[in-house]
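Peer 1: Residue numbers (our numbering): 1 to 135.
Incorrect hints may appear among the rest.
Said to hold, decoys possible - Heads up, simulated EDC-like pairs for lysine to aspartate or glutamate below, C-alpha to C-alpha not over 20 Å straight-line:
id : residue 1 : residue 2
1  : K135      : E116
2  : K25       : E75
3  : K87       : E133
4  : K91       : E75
5  : K135      : E96
6  : K13       : E116
7  : K13       : E126
8  : K117      : E85
9  : K87       : E75
10 : K8        : D38
11 : K8        : E85
12 : K25       : E96
13 : K87       : D124
14 : K8        : E39
15 : K25       : E116
16 : K91       : E56
17 : K117      : D55
18 : K25       : D55
19 : K87       : D27
20 : K87       : E126
21 : K117      : E133
22 : K117      : D27
23 : K91       : D55
24 : K25       : E72
Stated by the list, open to error - Per label pair, the in silico range of CB-to-CB distance:
id : residue 1 : residue 2 : range
25 : Q65       : I6        : 17 to 25 Å
26 : E116      : G66       : 19 to 27 Å
27 : N9        : H82       : 30 to 38 Å
28 : Q65       : I7        : 17 to 25 Å
29 : T29       : E85       : 14 to 22 Å
30 : G104      : G67       : 32 to 40 Å
Simulated from the structure, these hints should not be mistaken for lab results.
Glycine included, C-beta positions come from ideal geometry on N, C-alpha and C.
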Amino acid sequence: MNQGMIIKNMSFKVGQTLTIVGVPKPDATNFAVNIGPDENQFTMHLNPRFNAHGDENVVVCNSYQGGNWCEEHREGGFPFVHGEEFKIVIKFTPAEFVVTLSDGSTICFPNRMAAEKYSFFSFDGEARITSFEIK
């Protein structure tokens, strides 16, 4: 996957909300949002797949810990359209990340690392981020 935007030393804490706005490229197969303590571990990997890894039009969530992917989690809709703006809102609670997609569907993904703050964010794949905000 293309290495895209990386943000280190950010502060995303329990109680905050992360909002990402972007546009998938016209021929995008997939893209990913990663949140974790560093570039080697992701407590949340959000991977909308148009047509990638044997999946079509599905959002896959997972964690990457100790050099291994954990159990995949699939729920919510697929509001992503090539070339059209999307909005992903991630609310960080002590137990989970509550992700709201552009169509209003939600994904509840556990905070598997159980930290109260994460400092690494990355965005990979075939989309352009136009806005990134933590409140």
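Peer 1: Report the numbers of all earlier hints that the structure fails to satisfy, in ascending order.
Peer 2: Failing hints, ascending: 2, 7, 8, 11, 12, 15, 16, 17, 22, 23 and 24.
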